[in-house]
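K.L.:
Here is what each chain is made of, one letter per residue.
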Amino acid sequence: MSPLHWLTAAEIRRRVAAREISAEEVTRAHLERINGCEPRVDAFLTVLSDRALAQARRVDAALAQGGPAPALAGVPVVVKDVLDLAGVPTTCGSRILEGYRPPFTATAIDRLEAAGAVILGKANMDEFAMGSSTENSAFKPTRNPWDGDRVPGGSSGGSAAAVAAGMAPLALGSDTGGSIRQPAALCGVVGLKPSYGRISRYGLVAFASSLDQIGPLSRSVEDAALSASVLCGWDPKDATSAQRPVPAWADSLGASAAGLRVGVPWGFLERGIDPGVLARFREALEVLKAAGAQVVEIALPHASHAIATYYIVATAEASSNLARYDGVRYGSRRGGEGSLSQMYGETRDHGFGAEVKRRIILGTFVLSAGYYDAYYLRAQKVRGLIRADFESAFEACDLVATPTTPTPAFRLGEKTSDPLQMYLADIFTVPANLAAIPGLSVPCGLVDGLPVGLQLLGRAFDEATLFRAGHAYEQAADHHLARPPGFA
Amino acid sequence: MAQATVETVERVARLARLSLTAEEKALFASQLDQILAYAQSIQGLALEAATPMSHAATSEIFREDQNTPGLDRSSVLEAAPDAVDGLFRVPKVLG
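The listed protein sequences correspond, in order, to chains D and E.
Going from the first sequence to this note's numbering is simple: count from 1 and add 247.
Going from the second sequence to this note's numbering is simple: count from 1 and add 357.
Calculated directly from the structure, the hints in this document are not laboratory data.
Please read all numbers here as calculations on a predicted model, not as lab measurements.
A portion of the hints provided could be inaccurate.
Unchecked claim - DEER-style ranges, computed between Cβ atoms: (1) GLU417(E) x ALA505(D): 36 to 44 Å; (2) ALA394(E) x LEU525(D): 21 to 29 Å; (3) GLU421(E) x PHE386(D): 41 to 49 Å.
To be verified - Output of the computed footprint for chain D on chain E, the stretches with three or more beta carbons under 8 Å from beta carbons of chain D: (4) 371–383; (5) 436–442.
What the hints assert, rightly or not - Here are the simulated DSS-like cross-link-like pairs (lysine-lysine), alpha carbons at most 27 Å apart as the crow flies: (6) LYS382(E) x LYS387(D); (7) LYS662(D) x LYS382(E); (8) LYS387(D) x LYS662(D).
Just so it is clear, CB atoms sit at the ideal spot from N, CA and C, and this is done for glycine as well.
Starting from the given sequences, assemble the full structure and let the hints guide the process.
P.N.:
Quick look at the structure:
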């Protein structure tokens with residue numbers, strides 16, 4: 248039998264509901280696992296042992312009284328440190344939030360706990376979710392469990408690495424340009440960026456508000472579907488959350504992809520892909536065909552402009568969102584003995600790391616007088632064309648497939664001095680955020696011993712098709728069962 | 358199209374309330390220049406007829422403007438670097 252730390256969320260929930268194991272036992276097993284593995288991975292910024300055990304006991308007590316087992320009863324979860332949990336530090340991977348303990352809890356975390364999940368701790372990340380390697384954390388880099396000299400991807404690198412190393416079956420991340428899907432692919436786990444508006448962002452530290460989405464990372468598509476049904480839904484505290492029905496997605500998964508038309512934008516995939524990644528991608532398409540899907544070629548003529556568009560739109564929004572870190576309302580303050588503007592400048596210069604400053608500079612520049620029309624307004628127009636590309640493509644197909652990333656995990660330090668190269672790691676994930684559509688990354692095998700992902704993109708609010716195709720693929724290919732060597 | 362210089366970075370940093378070191382200014386100028394050169398790809402597109410996508414929401418939802426309780430003041434002020442008498446305290450603003 249599998250050790251407790253390799254069980255899926257669905258299996259943990261089943262056993263806890265049947266009273267075969269207690270939520271407390273499951274939580275203890277994962278806390279022990281964290282003790283054993285964390286020194287090699289550095290996935291966590293905070294481990295909440297006492298709080299987790301108390302929550303587990305509450306779940307057990309409710310079940311002992313004969314209450315119904317909620318959807319995630321006893322399931323341990325790690326949350327990216329971009330989400331607020333009342334009374335627990337939120338760092339967002341930044342020094343500027345030093346000492347900050349939010350007085351409120353993110354709706355996504357509230358929903359998990361209401362469904363019986365147990366929050367184990369908060370995961371490391373690139374500062375303010377800006378990065379593709381988790382090396383921009385102000386505290387420490389996280390290591391890829393498949394190769395400790397390589398990055399786990401980012402910005403949700405701590406979440407992905409924790410799930411890959413068996414420290415939690417489920418994690419929350421946030422995805423502004425690929426920050427869930429890219430680390431999921433590079434760590435060999437499943438990652439979902441839902442449609443824009445699916446999950447309330449109340450309590451999520453804002454990076455780029457027209458792009459940010461919260462989503463789950465897991466070791467199976469079923470677990471992604473199970474947790475998405477808990478997380479999604481309208482929230483009066485987030486005006487951008489959608490009033491759409493939320494199906495019990497995990498209940499309608501099957502082994503067949505019959506009748507699904509999978510569009511492949513070959514023109515967009517021509518350049519810059521590692522040959523091994525391309526080989527795994529072609530194999531994945533064959534598996535989908537064998538499961539009954541039809542593969543068709545589609546065009547996304549403006550997708551090649553997605554990175555340029557993204558880094559204008561996202562940084563413009565970030566420069567505005569990050570104006571709130573002014574040393575007045577929360578976090579750290581520097582230069583308080585001088586003038587107000589001196590205090591602002593010193594607080595921000597000391598509190599922000601290099602990538603955050605770089606993006607604030609770029610975002611402020613593209614919004615500044617004389618450059619707004621040439622950069623920001625043009626980027627917004629190209630964004631509309633990218634979304635229109637997908638709308639046309641979805642007339643000929645039900646979902647779009649690409650590799651999640653152009654390469655497997657790169658080495659620590661390999662791209663830190665070249666921001667543009669780091670940005671290009673997001674080439675295949677960024678279009679979904681610009682188009683506000685959902686995206687799922689599923690493990691699709693190894694390249695030189697390192698995992699890579701198959702990305703499936705769907706129509707807005709059609710997560711159901713992604714789960715169906717992803718699950719059918721996963722069950723046929725079994726790549727999601729591969730474990731990092733050295734993490735038995 | 359403009360090239361990013363140290364002066365550009367200084368001007369933008371002032372707008373963004375960032376006081377940067379000389380090294381940071383030089384580094385960001387060269388990196389900003391490189392990123393803007395990459396972003397030139399969108400300058401060649403014919404966009405006269407295109408509508409800017411200014412937000413991602415699929416529908417506008419209106420609600421009644423009702424009073425609801427906010428966060429407790431003392432719990433909010435606890436997170437502030439400096440607070441006194443139920444207020445945020447900041448350095449002197451007027452001379």
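K.L.:
Measure nothing beyond the straight line between the CA atoms of LYS382(E) and LYS387(D); if it is 27 Å or shorter, mark the hint as holding.
P.N.:
holds (25 Å)
K.L.:
Report holds or violated for chain D covering the stretch 436–442 of chain E, Cβ cut-off 8 Å, minimum 3 residues.
P.N.:
holds (count 4)
K.L.:
Take the C-beta atom of GLU417(E) and the C-beta atom of ALA505(D), compute their distance, and say whether it sits inside 36 to 44 Å.
P.N.:
Given range 36 to 44 Å: holds, Cβ gap about 38 Å.
K.L.:
So if I understand the rule, the pair passes when the alpha-carbon distance is 27 Å or less; does LYS662(D) with LYS382(E) pass?
P.N.:
Within the cut-off at roughly 20 Å; holds.
K.L.:
Starting from the hint 41 to 49 Å, judge whether the C-beta atoms of GLU421(E) and PHE386(D) obey it.
P.N.:
holds (44 Å)
K.L.:
Regarding the pair LYS387(D) and LYS662(D), is the alpha-carbon distance no greater than 27 Å?
P.N.:
Distance ~16 Å between LYS387(D) and LYS662(D) Cα, so the pair holds.
K.L.:
Holds or violated: the 21 to 29 Å window for the beta-carbon distance between ALA394(E) and LEU525(D)?
P.N.:
holds (28 Å)
K.L.:
Mind checking, does the stretch 371–383 of chain E have 3 or more residues with a CB under 8 Å from chain D?
P.N.:
Satisfied; 8 residues make the cut.
Of the numbered hints stated above, none is contradicted by the structure.
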